[in-house]
Amino acid sequence: MRRAIRSPVLWTAIVFAAMTTAALVLGAPVGRITQIAIYVLYGAGVNLLIAYTGLVPFGASVFFGCGTYAAALFMLHVAGNELAGLVFALVWSVVSGALLGLVVLRRRGLYFSLLTLAASQIAFEVVFRWTSFTGGENGLQNVPRPLFPTAISFHLFTLAVLLASLWAIWRMVHSPYGRALQAIRDNEQRMSSLGYDTWRLKLGAFTLSGAFVGVAGGLLAQLLQGAYANNLSWQHAGDALLMVVLGGVHHSLGALWGASVFILLEDFLSARLENWWLVFAPAIIVFALVAPEGLHGLFRRGFGRSGWTLVRRDIPARPAAIRPFAAGDGQGLGEDPVLTVRGLSKAFGSLSVAQQLDFEVAPRRLHSIIGPNGAGKTTLFNMLTGILQPDAGEIRFLGMDITRMPVHRRVQLGLGRSFQIVSVFPNLSVFENVRIAVQARNPQRHAIWRDAHGIPAVNERTWSLLAAVGLDHRAEAGCANLAHGERRLLDIAVTLATDAQLLLLDEPLAGLGEADRITVSRLIRKLADSHAVLLIEHDLDRVVALSDRITVLHQGRLIADGEPAEIVREPAVVAAYLGTAGTSMPAPAPRPLAAPAIAAASGPLLRVEGLVAGYGGSKVLDSVDLTVEPGEAVAVLGRNGVGKTTLLRSLTGTIPVTAGDVVFDGASIAGQRPFVINRRGVALVPEGRRLFPNLTVVENLRIAARPGGATLDEVYDLFPRLKERARQRAESLSGGERQMCAVARALMAPSRLVLLDEPFEGLAPAVVAELSAAVARLRGERAVVLVEHQAEKLLPLVDRAYVLVNGRVAFAGSSASLAADHALQARLLGMVEADAAPA
Amino acid sequence: MHTNHISVSHTARTTRRGLLLASGFTAAGLALPALAQSGEPIKLGIVFPKQGTFAQLGEGAANAAVLTLEMAGGRILGRPAQTTWLDEPNPQTAQQNMQKLVDEEKVAAVLGGASGATALALSALARRTKTPLITISGAAVLTGKDCNRYTFRSNAPAPVAVSAITPAMLERGKRWYFLITDYAYGHDVYNAFKAALDAAGGTQVGYDRMPLGTTDFSAFILKIRQARPDVVATALSGNELPTFLKQYAEFGMRNGAPVVSPIITDTDNVAAGPQASGLYGKVWHHSDPNNSPEDRAFTEAYRRKHGVPPHSNALLAAVSMRLLLAAIQQAGSTSPEAIVRGLETVRLQDGAFPLYFREWDHQLMRRILVLRVRNQVTDLWDALEIVKQVPETPAGLDALYGTQAQSECRLGEV
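Chains A and B are the protein sequences, given in the same order. Residue numbers for the first sequence follow the numbering used here, so the first one is 1 and each next one is one higher. Residue numbers for the second sequence follow the numbering used here, so the first one is 1 and each next one is one higher.
These aren't lab readings, by the way, just hints derived from the structure by calculation. Ideal Cβ placement from N, Cα and C applies to all residues, glycine included. Warning: the hint list may mix true and false statements.
Now the in silico label distances, taken between C-beta atoms and shown as ranges [to be verified]:
{"#": "1", "chain 1": "A", "residue 1": "272", "chain 2": "B", "residue 2": "75", "range": "19 to 29 Å"}
{"#": "2", "chain 1": "A", "residue 1": "99", "chain 2": "B", "residue 2": "198", "range": "41 to 51 Å"}
{"#": "3", "chain 1": "B", "residue 1": "251", "chain 2": "A", "residue 2": "106", "range": "41 to 51 Å"}
If we strip away everything but chain A, and leave its shape as in the complex, we get:
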C-alpha cells in the first residue's frame, strides 16, 4: 500500500482526474487536457533516455513527428482504427529507432545530441517536400476516429494509454535492465569492466524511448485528426527537453508538471496578449533560475526534502543472518599460468611506457606489481583489461589470446579489475552499487519486467559482499555521503562481485585507515588462496608480507621478478624504488621561499572556535577548536571519516559553517566565499590534487600565480622534477609529480597558510621523502596544516598535532609527545604494529 502511494502512476492519474473535472466544470475544452496527457507521455519517453540512461537527445522529436505521420498514414490508407494506428506507430518507432540508434549511438555526449537533431531535421525536410505522400506543408487532414469520436471518449482513451505506458516505464526502470541503464548513466566505463555490453544496452534504451515517444505522436495524430510537419523541425525539437527540464529532469513526475505548465501557460498567454512570447520566454527563464531542479524539485524543497526521485529508494530487507562471502572455489584454474604476458610494449609518442614486458601470473597466488611513480603500472593494467591497445606483444589469459578482445568480453572470460581512482556509481545507493555488479553474472540481467530486487540469489550475494568489506550497515546510504575510505571499500566490493578468476587490483589500500587496511588485506589474501590476484600497491611492508611473488617495474621496464625476500634485497630495486637515501628524511635545505611579510600581530594566524559543519544537515564536525601560529606546521590526524577533509573544506569556504567561527589573521572568514578566503591568504592543496589536466605544468603554475607569491624559479628549486616536466601536460604526470605540481601551484599565490589534504596518499617512499623535504622548507615561512591518517610519516615534520575522533578534537599537543606515546596513537588512530603477520 505504501508503495502504491509513492507510485508516480497513481499521482498522474489523480492530477489528470482533477484537471479533467476542472475542465468539465469550467466548460473549458477537454482537448487541451488530452494534449497535456500526450505531451506528458512524450516527456516521459524522452526522460527515459535523459535521466535514466544519461543520453540527451536534442532531436527526440523525430520519433514524435514520424509517429504522427505513421499513425495518420496508416489510418488513412490501411485501417481507420485508432488501436491499429497506435500499434503501427509503435512498430514503426521501434524499427526506425533501432536503425537510427545503430548510427547515432556511435558517438557520445554533444555529438550524439546533435546527430539526433540532424535526424529530426532530415525527417522534417522529407515530410515537407514529399507532398504527394505526406501532404507537404499542408499536412494530412481528415484522419478518421471511429472508435472514440467524441472529445471526452478520446480523452479517456488517451489517459488509459498514458497511464498504461507510465506504469510500464515505472516497472522497467526497476527491472534488472532498467537498473543497468542507470548504472551506465553514472559510470559507463565501470559497467563495461563489469561485463555489460553497454552499447547494446544503450541501443535498447534508445529504441524503447523512441517507442513511447512514437505512441505519443500517434495519439496526437488522432487528437488533431491530422498530421503536420512543424513538430519535426528544429524549432520544436527542443519542446520535450524544455518541458522535462522545467518539470524536473531527475524526478519521475517531472514530465507531468513540465508539460502541464508549458501548455497551460502558453494557452493562457497567447489568448490574452499579442506578443505573448515576450512574456512566455522570460517566464521560463525565471523558472529556470528559481528552480534549477525543476518544479518537482521546488515542491520537494518546500517539504524539506531533496534528492532524486527517479526510482523507489528502498532496498531489499537485510537477511537475519548474512552468509559470509565465499569467493568461489576457484575451479577452472588448473596448474597452468592464468596470465601470460610476452613482449608487451606501448609508447605515447616519444614517451615509452612499456618496453618488452614478460611475466606470468600463476593461479592461487598473490602477485604484486611494484615500482616508483611513473613506472607504468596502471598503463600495464589498462592494457591487460583492454582499455588501452598495446603497440606490440601478446597477452594470453587462461590460454586464450586476448590482446585485441574488447573490454566486456575479457570481463566475461573472468578478468576483473578495480581502479586506482575510485570508480563507483555516484548516484546509486551502496547496496545498488554492489548489486548491479553481482547482477552482471546472473542470467536474468536483461529482464525488463521483473523487479531487480526480487532475485534472491543476487540479493544474498550482495549482502555477503557488503558484509565482507564492512559496509553492510551503510547499505542504504547514497554514494555521495560516503567518506573516501568507505568509497574505496565499495569499489573493492564491486570488483569482488565480478567472480573473476584473475583480479587486477590497482592500489586497493590507498586512502584507507589502518583498521580498514587490515580488513582489506585479509580479504585479498583469502581471495588469492582460491583465485589469482595481481596487485599494485605502495604500502611496501604489506606487499612484502602478503605476496607470493613480486614484479618490479621502473620507467616502463621490468627490472626484477621473484620471491619477496629476494626482491627486497635486490640492489636495483632498492635504488629505483626506495631512493638512494633509503627511508630517511633529508635535512631541511637552507634557502627559504619568498613569502609575504608575516603580520606583526602576536595572535595566532588561524583560530577555529567551536566549529560545527557537515553535509546536508549532518554534523560531521562537532565543535572543533584549533589554532595555528604564523609559520608553524600542524598535523591533523584521524581515522577515515572523522572529518579531516570536512574541516579543510569549511576553512576554505567550500562548505558552509553551521556554527562556530573561523578567524584568520584577525578577521572572521566563516561563511565567506572560497575565492575571497583564498585572496586573504589561505591556499588549499586538495585531496586528489585537482590539476587542470589539459594544461601543461607551467600553465598550471602560471594560472595560480599572483603578485607576492613564489616565482617559478623558487618553485623549481623546491621541486627540481617539475622543471624537467615543465612543458608536459598535467594529465600525463605520474602521481608523485602531480602532487608536487599541486603543492607548487598553491605556493604561486601569496598564501600565508597552506592546507594539504592527504599529500602523501598513493606515493612511493622516495617521492614522499622529496615532498616531506619541501614541506620542511616551507615551515617557517608559511604556516602549514597537513591532514593525514598515517601518523608516522607526518609527526617528524610538524610542530604540533591534533587528532580528531568522531568530529571532535581528542588530542591537541606537541607532535613529539604524540610520537612517543604509542598507546595513545593506537587508541586514537587504531594503529597496530607495522609487522603484524597477515591472518
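Chain A is already provided as a structure; the job is to place chain B on it using the hints.
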C-alpha cells in the same frame, strides 16, 4: 378653496402618473422576452497570426475585421456582437484555437486561416464541428478537392491569380526565368506559370528552387543577369520577396526584367521600400478608383484608426466580415445552416461588379488587379499603380475562376 384645488390636481397627477407607470410596466413586460434575447451577444471568432513571419498580415486582417464590425454598429440582428482573436502560429495550434472558439466561446462563425496549411486544418475542423468558416488563404484545394459545405474562401486561388497575370507577362516577352520557393505553394504556382508559358510557345531560360527562409539571393541574381530573361516569374513566400527585391535593386537590376509575383500583399513591397520593383497581382488595392463606396469608407476609417492604409489582406478580411454580417442579417438567425445558406445567397455590390460567393464551390467572385511598382517611389504605401483589371467585365468572372466542369469540388450536405 385653496386646498380643494390642490387636492384635485394632486389626485389628477397621481392618476396620470399611475396610468403612465402602468402602461410603462406593461410595455416593458411585453418587451421583456425580446429584450432578454437581444441581451445575449453574438460571438465571432478570428484566427490570424499574431507572431512570426505573417504577424503584420495577421494583425492587419484582424484589425480590419474588428473595424468592419464596429462600423456596422457592433450589432447583428439587434444583438451586441463580439469578436475573439486567437493566434495562428502553425496548423496544429491554429486548429486547437479554433476548437477552443467553437467549444468555449460558442462562436457563430470563424474568419481565419491566412496560410494554406492552416486553412486546410481549419477547413477540416469547420466541417467536423459544423462551424461556418471564411478563409483568406489562396491554397487551390480549399475550393477544389478539399471543399466542404462550411468553408468559404474569399481570396483568389493561386492558379487563378497566375492566369490573371500571365497575359501581362507575355506582353513583355516569352523568355521567362523562374525563381521558386521549394514547397507546395511554390510548386503549384510554378506549374501554373509553366503551363501558361508553354501554351503561348515561350521558353524557360532558367529555373531555381530555394529552401524556405532563404536570405541571400546573390547567386541566383547573378544567374538571372546572365540569362537575360524578359520576365522573372517568382513564387516566394513571406519575407523572401522584399529581401529579394532589395538585393535585385542592389545588383542594378531594378530597371531590367520585371519581377512578377501572382499574388502579394502590400506589406511585401512596403518592406522593400524604394528599392521595390516589378509586376504584381492583388485582389484589392486601397487606392483603386473602382473601389466601392463601402471600401472607400472603410479605407478612410482604417487609415484614421491605424495610421496606415489597409493592406490587401486587410481589405479582404473587411469584405469577408461585411459579407458575413450581411448573410446573417439576411438569414435572420445565427444557426450554422442558416449562416451557410445566407453566405451562399448573399450578394453585395462592388461598383459595376457583383460581390458574392459562388454557390457550388464557395469561392468569392472578385476581380483581380495587375499592378506595377512606380519608377519613382516616394510614398511607400503608394508605390503601386494599377496596370489593368482582370476581367474587364463581370461576364468574365466565371471563366477566370474556372467552370464547374473543370472543378473537383463536390460540396456535401449541410
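Return holds or violated for the Cβ distance of residue 251/B and residue 106/A against the range 41 to 51 Å.
-> holds (46 Å)
Status of the given 19 to 29 Å range, CB of residue 75/B versus CB of residue 272/A = holds (25 Å)
Evaluate the given range 41 to 51 Å for the C-beta pair formed by residue 99/A and residue 198/B.
-> Taking Cβ atoms as reference, residue 99/A and residue 198/B lie about 43 Å apart, which means the hint holds.
Violated hints for the displayed structure: none, as all numbered hints are satisfied.
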